[in-house]
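Protein chains in written order, with this note's numbering: chain H, 1 to 312; chain L, 313 to 604; chain Y, 605 to 1119.
Keep in mind the hints are simulated off the structure, nothing from the lab. Among the hints, erroneous ones may be present.
[Stated by the list, open to error] Computed cross-link-like contacts, SDA-like style, restricted to lysine to any residue with a CA-CA straight-line distance of at most 25 Å:
{"#": "1", "chain 1": "Y", "residue 1": "Lys729", "chain 2": "H", "residue 2": "Asp35"}
{"#": "2", "chain 1": "Y", "residue 1": "Lys729", "chain 2": "H", "residue 2": "Gln56"}
{"#": "3", "chain 1": "Y", "residue 1": "Lys791", "chain 2": "H", "residue 2": "Ala94"}
{"#": "4", "chain 1": "Y", "residue 1": "Lys786", "chain 2": "H", "residue 2": "Gly90"}
{"#": "5", "chain 1": "Y", "residue 1": "Lys786", "chain 2": "H", "residue 2": "Tyr67"}
{"#": "6", "chain 1": "Y", "residue 1": "Lys983", "chain 2": "L", "residue 2": "Asn519"}
{"#": "7", "chain 1": "Y", "residue 1": "Lys801", "chain 2": "H", "residue 2": "Ser172"}
{"#": "8", "chain 1": "Y", "residue 1": "Lys786", "chain 2": "Y", "residue 2": "Asp716"}
{"#": "9", "chain 1": "Y", "residue 1": "Lys1048", "chain 2": "H", "residue 2": "Asp78"}
{"#": "10", "chain 1": "Y", "residue 1": "Lys801", "chain 2": "H", "residue 2": "Asp171"}
{"#": "11", "chain 1": "Y", "residue 1": "Lys943", "chain 2": "Y", "residue 2": "Ala982"}
{"#": "12", "chain 1": "H", "residue 1": "Lys61", "chain 2": "Y", "residue 2": "Asp727"}
{"#": "13", "chain 1": "L", "residue 1": "Lys330", "chain 2": "H", "residue 2": "Val133"}
{"#": "14", "chain 1": "H", "residue 1": "Lys228", "chain 2": "L", "residue 2": "Asn519"}
{"#": "15", "chain 1": "L", "residue 1": "Lys366", "chain 2": "Y", "residue 2": "Ser979"}
{"#": "16", "chain 1": "L", "residue 1": "Lys330", "chain 2": "H", "residue 2": "Leu129"}
{"#": "17", "chain 1": "L", "residue 1": "Lys366", "chain 2": "Y", "residue 2": "Gly985"}
{"#": "18", "chain 1": "Y", "residue 1": "Lys1090", "chain 2": "L", "residue 2": "Asn519"}
{"#": "19", "chain 1": "Y", "residue 1": "Lys729", "chain 2": "H", "residue 2": "Val52"}
{"#": "20", "chain 1": "Y", "residue 1": "Lys801", "chain 2": "H", "residue 2": "Leu129"}
{"#": "21", "chain 1": "Y", "residue 1": "Lys1098", "chain 2": "H", "residue 2": "Leu161"}
{"#": "22", "chain 1": "Y", "residue 1": "Lys782", "chain 2": "H", "residue 2": "Tyr67"}
{"#": "23", "chain 1": "Y", "residue 1": "Lys1055", "chain 2": "H", "residue 2": "Thr87"}
{"#": "24", "chain 1": "Y", "residue 1": "Lys910", "chain 2": "L", "residue 2": "Asn519"}
{"#": "25", "chain 1": "Y", "residue 1": "Lys801", "chain 2": "H", "residue 2": "Thr87"}
[As the list claims (entries may be wrong)] Okay, the calculated beta carbon distance ranges per label pair:
{"#": "26", "chain 1": "H", "residue 1": "Ala217", "chain 2": "L", "residue 2": "Ser507", "range": "48 to 54 Å"}
{"#": "27", "chain 1": "Y", "residue 1": "Glu802", "chain 2": "L", "residue 2": "Ile347", "range": "55 to 61 Å"}
{"#": "28", "chain 1": "Y", "residue 1": "Glu1080", "chain 2": "L", "residue 2": "Val412", "range": "46 to 52 Å"}
{"#": "29", "chain 1": "H", "residue 1": "Gly58", "chain 2": "Y", "residue 2": "Asp727", "range": "17 to 23 Å"}
{"#": "30", "chain 1": "Y", "residue 1": "Gln955", "chain 2": "H", "residue 2": "Thr65", "range": "28 to 34 Å"}
{"#": "31", "chain 1": "L", "residue 1": "Asp367", "chain 2": "Y", "residue 2": "Gln955", "range": "21 to 27 Å"}
{"#": "32", "chain 1": "Y", "residue 1": "Lys755", "chain 2": "H", "residue 2": "Leu71", "range": "46 to 52 Å"}
{"#": "33", "chain 1": "L", "residue 1": "Ser507", "chain 2": "H", "residue 2": "Ala95", "range": "36 to 42 Å"}
{"#": "34", "chain 1": "Y", "residue 1": "Ala787", "chain 2": "H", "residue 2": "Leu177", "range": "31 to 37 Å"}
{"#": "35", "chain 1": "H", "residue 1": "Leu31", "chain 2": "Y", "residue 2": "Asp1097", "range": "39 to 45 Å"}
{"#": "36", "chain 1": "H", "residue 1": "Leu298", "chain 2": "L", "residue 2": "Ala348", "range": "40 to 46 Å"}
All residues carry an ideal CB built from backbone N, CA and C; glycine is no exception.
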Amino acid sequence: MSLIAFAGRRLAQAIPVLLIITVAAFSVIHLVPGDPARVMLGSRATDEAVQVLREQLGLDKPLVTQYLDFLKAAMRLDFGDSLFQRTAIGPIVAARAVHSLALVAYAVLISLVIAVPLALLSAIRRNLLADHVVRALTTLAFCMPSFWTALLLVLLFSIRLKFFPTSGLGDSPLAYLASLTLPAVSIGLYLTPILLRSLRASLIQTLGAEFVEAARARGFGEARILFKHVLRNSLIAMLTILGINVGFLISGAVIVENVFSIPGLGSLMVAAIVQRDYPVIVALTLVFGVVVVAANFLVDLSYALLDPRIRQ
Amino acid sequence: MRPFPPGIEEDAWLRLTKRARLDRRWATISLYAGIAIVAFIAGLSAAAPFLGLKDPTATDLMNALQPPSLAFPFGTDDLGRDIFARVVYAGRVDLVFGIVVTYVSLVIGLSIGAISGYFGGLIDTVIMRIVDLVISFPFIILILTIAAIVGPGLTGAYIGVIAVSWALYARLTRGEMLAIRRREFILNAETLGYSAPRVVFVHALPNLLRANLVFSMSDIVLNILTLAALSYLGLGVAPPTPEWGEMIAQGQKNLFNAWWISTLPGLVIVLAGIGFSLIGDGLADRLDESGR
Amino acid sequence: MTARLGGLLALAASALFVAAPAQGEEGAPRKGGTLTMARDSEPLTLNPIGAGDNGSIFMIVQVFDTLVETADAPLPQSALATGWTVSDDAKTWTFALREGVKFSNGDPLTCDDVKFSIDRFADPKVNTSYGGFGAAIAQTECAGPSSFVVKLKAPQGAFLDYLSTFIPSIVPKALYEKMGDKAFSEKPVGSGPFMVKEWVRGQRLVLERNPYYWKNGQPYLDQIVVNYVPDENTRMLKVESDEAQIATEVPYAQIERVAALDHVDVQIENVMAWDAVWFNSRKAPFNDPQVIRALNYATPKEAMLKTLMHGAGDIANHVIARVKYWDPAVEAYPYDLAKAKEALAKSSAPQGFALSCLIVAGDQFELQQAQILQSEWAKIGVTMEIQAVDTGTIWTRWGSGDENCFTFTGAGLSSDALSDDNLAVVFFDFTGGIESFWTGWNNKDAIALVKEADGTIDEEKRKAAFHKLQRLAMAEYPAVPLFFIKARTAVSDKVKGFKTLPVKWWNLEDVWLAP
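Between the sequences and the hints, there should be enough to build the whole structure, so can you do that?
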């Protein structure tokens, strides 16, 4: 099967998935009690005032109409206005998506750079000192609460050493990268151990497989065996976990976004849900759906590239 | 001594068998050390009422924010509650939650993922798109909905986390299944005419379990931490019942003036995490022995 | 989301403010410089009509002017209006408009602009968020280029106080009509001390000096960068590292630590905010004042103030905020378990009872406060279940009238206006629209007192009515008042003249930076 056909088929499958997600999110969030007009007006609002505001916001229209309006607009990549921010959703989400994607990409890069060599080391020196040290340290990093490690990083690198700003986003490309470094490391501290453990386990499994022994027996060099055969064959589980986590991190890096004052998608989603800002919730659901579907598509694609036997 | 396979040098074979013995020994050590750590925490928590600890929920404002001392081994929080007692009691909620949620999800996900990867085609497509749906559906909305339906409390937390986590294991298993689908031992089993369930659950299973087990060990810790996050949305343990994640969150605002409120429960989670990791590694290595 | 109500500032507190010297006594104000602030909330809109959250309001007041303004005095001060007269029937107000005022784009501010803005304020279809504030206005007209007349439907005691809020900010009519609601909310033009230079949602709002501002020589600052820093620890680190000179909402637990820093001080100031626990008097046993009294006596406010708030607050002797007509002589309930048990024994629930209380999920402070109440009230046989509910649901739940008990974040309830009237309508007037803050407290005397105070501009009568109301509420109202909340702001030594006003926003046009 050609890659284009594969991609085309997956794209076709993605559309119903995304439709179902938005319908589900839209209907389910309306099942949950809560009313944006009531949240906006808070304690001082009489029922009449809430009603007037609901009419102004178009919340009195039937749900089906509201959803179809959203869908029609979404086809034109117009997500309407946020109920709370009183401005178009598209630009808000786009600006935040850039920061979220940059942050997660940076974090993934850091994690891979650390996890892959350490996993190789750990698997080769399996059950020896280096392996134990690597595993102990990464378990430690993984289990510490993220706001705790994030704050520790700030205290050390921003307050004490003044390498990076404490929070916020820089304007120039270099300053932007610098301001994303500590948050990316914070996420990396969570992601690296997961990737490392998974890769180490697969590596050990592969190292014990028949074909490796056969390659050894045929006198191939260890380095060649390691990179050409073992690593390639061991990446699948790690990539799957990475794929799942990318989707998860784009929407779920709320604590890190908060500690470092990064306006990302995760914190927007939490705010939108608490406020019951329905159009923003549905738009973000769609964006997250696209990210997850794309990430998993890339993972499936990499299966095929890594191991031709999977391509049927 | 067994005759070594043809084509392999004698010293290479000796090296491999020596290596295997070392691995086996470490697998055993790792497994038992892990079990000992987890059992220690679980045992303390289970026996909490008989240990003569202070009341974990009794507030005592005169003794608020005491640093660790002989009277309060882990110090007190800003309501003057004994953090050590709270940590020990919290284990009763957290360990059970972490283990149950993780392994129920693992069993469901493993079965579904294995079927998806083994059969491929339409079944695979449908299952994987459902998995995409579950993974990309905003978790917070799901949790809010569940809270609205079953009401606040632990039940909703169990349902919510399992409803999502199985999909991770399904994807993971399916990827692994694809990787071994064309391996000789599977093809051989099929040639021998074994039924599909037997091939999947007997022959393939040990190979699928490893990745899942390894992931599940970090997942337990994640799920325990998730429990605390859920309380932000009104699900989870009702106050004042102690819970690790909640204790850590509570200490966030006191990190500068009372480091022990967050840090010591955090270290207990680290200890539990190390215990679970050791068990996972030990089990995975043992599976390896039997799977070969 | 915060909720603000209406009212003026406490007399005693305000006297203190007037007497207190501004921080920058060391020499004359210097012009120039950029002030960087780290704020806990961000604006959602910059349109005075439609804003309802502190994130927006505190920025709007920097960009716009009102006819009268709420400085730190107990009475509204002249601003765009240099003076005013009121007819004998207290229904016609005539304002003399300041001459030569310009908007920040250079356009002159005319009576047409004033009329346009006040008419929007008075129209409940436009002013949905604060319809009640402008509801008394019957008609407005320009009697000359600098004479603006407002006719009221009936005399309104708090009329000037409502005019001093951010809602009737004066906007340029022609520009507003040209731009429309949405565009104007993004890039507003006003006649306030600052104008919007750049607004990056989720990150920062940059304000710069309005060159046409009418106050002589002001503002002093060239530019203010207001960064949105939601995490409280990070916000404090921002001032600690000198990346910001002001950080809002110092967490209670860090007051001592931040104040001990060499270059930073923590300013603790009275504002019109408060915290209390509310009960539903439609439900037994909360219809019994003895039960409420018992709970009040069983609440260790002093210990809570010390441990949870590190002393930065005052024990409340009123069910609402400490506003203009607050009576300091009224006694707060002391912590007295014997009296609590006695009151409960005399009540309709002598054996105690169980209740479930709604709190805002995710607010650690409220959670801890609730847990203290839980363990203290248990001592008199009252078992309380804490139900954490997300903000999106909590008003709907409490407004349904089916719940027992409710408490909102301490930073969440405050007064928008300088006098007690609006809070009184919302909390004490069963007929005021939300049945006494949904507590269902239906007290004829209270309703009469609210109306009496509202219907006159006679200061003595108003004061007497509100004082009576305070005593009545403390005795009968279904609530446990807890604390008057204070503003806690970390301020760098370089910043001079900074002050938090009773309405919780800041006098940034008076602020200057030392070299």
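Each hint, compared with the structure:
A C-alpha spacing of about 19 Å is found between Y:Lys729 and H:Asp35, which places the hinted pair at or below 25 Å, so the restraint holds. A hinted pair counts as satisfied when its Cα atoms are at most 25 Å apart, and Y:Lys729 with H:Gln56 qualifies at roughly 9 Å. Simply put, Y:Lys791 and H:Ala94 have alpha-carbon atoms about 20 Å apart, close enough for the 25 Å limit, and the pair holds. About 15 Å separates the Cα atoms of Y:Lys786 and H:Gly90, which keeps this hinted pair within 25 Å; it holds.
Between Y:Lys786 and H:Tyr67 the CA atoms are separated by roughly 23 Å; this keeps the pair inside 25 Å, and the hint holds. Note on Y:Lys983 and L:Asn519: the hinted pairing is violated, with a Cα-Cα distance of about 59 Å set against a maximum of 25 Å. Of the pairs offered as hints, the one joining Y:Lys801 and H:Ser172 holds, with about 19 Å between alpha carbons and a cut-off of 25 Å not exceeded. Simply put, Y:Lys786 and Y:Asp716 have alpha-carbon atoms about 21 Å apart, close enough for the 25 Å limit, and the pair holds.
Only pairs whose Cα atoms come within 25 Å are accepted, and Y:Lys1048 paired with H:Asp78 is rejected, the gap being roughly 53 Å. A C-alpha spacing of about 16 Å is found between Y:Lys801 and H:Asp171, which places the hinted pair at or below 25 Å, so the restraint holds. The straight-line distance between the Cα atoms of Y:Lys943 and Y:Ala982 is roughly 15 Å, inside the 25 Å bound, and the hint therefore holds. Pair hint H:Lys61 plus Y:Asp727 holds up; C-alpha atoms about 24 Å apart against a cutoff of 25 Å.
At roughly 22 Å between alpha-carbon atoms, L:Lys330 and H:Val133 fall within 25 Å of each other, so this suggested pair holds. For the hint linking H:Lys228 to L:Asn519, the alpha-carbon distance of about 22 Å falls within 25 Å, and the restraint holds. Taking the CA atoms of L:Lys366 and Y:Ser979, the gap is about 15 Å. The hint holds against a cut of 25 Å. Taking the CA atoms of L:Lys330 and H:Leu129, the gap is near 17 Å; set against the 25 Å cutoff, the hint holds.
Taking the CA atoms of L:Lys366 and Y:Gly985, the gap is near 21 Å; set against the 25 Å cutoff, the hint holds. Between Y:Lys1090 and L:Asn519 the alpha-carbon distance is near 62 Å, which puts this suggested pair outside the 25 Å criterion. Restraint check for Y:Lys729 and H:Val52: satisfied, since their Cα atoms lie roughly 7 Å apart, inside the 25 Å limit. For a cut-off of 25 Å, the pair hint linking Y:Lys801 to H:Leu129 is broken: about 59 Å separates their Cα positions.
Pair hint Y:Lys1098 plus H:Leu161 holds up; C-alpha atoms about 23 Å apart against a cutoff of 25 Å. Under the criterion of a C-alpha separation no larger than 25 Å, the hint pairing Y:Lys782 with H:Tyr67 is inconsistent with the structure, at around 31 Å. Pair hint Y:Lys1055 plus H:Thr87 does not hold up; C-alpha atoms about 40 Å apart against a cutoff of 25 Å. At most 25 Å may separate the alpha-carbon atoms for a hinted pair to count; Y:Lys910 and L:Asn519 exceed this at roughly 59 Å.
A distance of roughly 18 Å separates the Cα atoms of Y:Lys801 and H:Thr87; the hinted pair therefore holds under the 25 Å criterion. Restraint check, H:Ala217 to L:Ser507: a C-beta distance of roughly 35 Å breaks the suggested window 48 to 54 Å. The hinted window of 55 to 61 Å between Y:Glu802 and L:Ile347 holds, with their beta carbons roughly 59 Å apart. In this structure the supplied range 46 to 52 Å holds for Y:Glu1080 paired with L:Val412, their Cβ-Cβ distance being about 50 Å.
Distance hint check: the CB atoms of H:Gly58 and Y:Asp727 are about 20 Å apart, consistent with the given range 17 to 23 Å. Taken as a hint, the range 28 to 34 Å is violated for the pair Y:Gln955 and H:Thr65, whose Cβ atoms sit roughly 54 Å apart. Judged by the Cβ atoms, the range 21 to 27 Å given for L:Asp367 and Y:Gln955 holds: they are separated by roughly 23 Å. At about 49 Å, the CB distance of Y:Lys755 to H:Leu71 agrees with the hint of 46 to 52 Å.
In this structure the hint that L:Ser507 and H:Ala95 lie 36 to 42 Å apart at CB is violated, the actual value being about 55 Å. Taken as a hint, the range 31 to 37 Å holds for the pair Y:Ala787 and H:Leu177, whose Cβ atoms sit roughly 34 Å apart. Checked against the hint of 39 to 45 Å, the pair H:Leu31 and Y:Asp1097 fails, with Cβ atoms roughly 54 Å apart. The hint said 40 to 46 Å for the Cβ distance between H:Leu298 and L:Ala348, and at roughly 42 Å that hint holds.
Checked against the numbered hints above, the structure breaks hints 6, 9, 18, 20, 22, 23, 24, 26, 30, 33, 35 and satisfies the rest.
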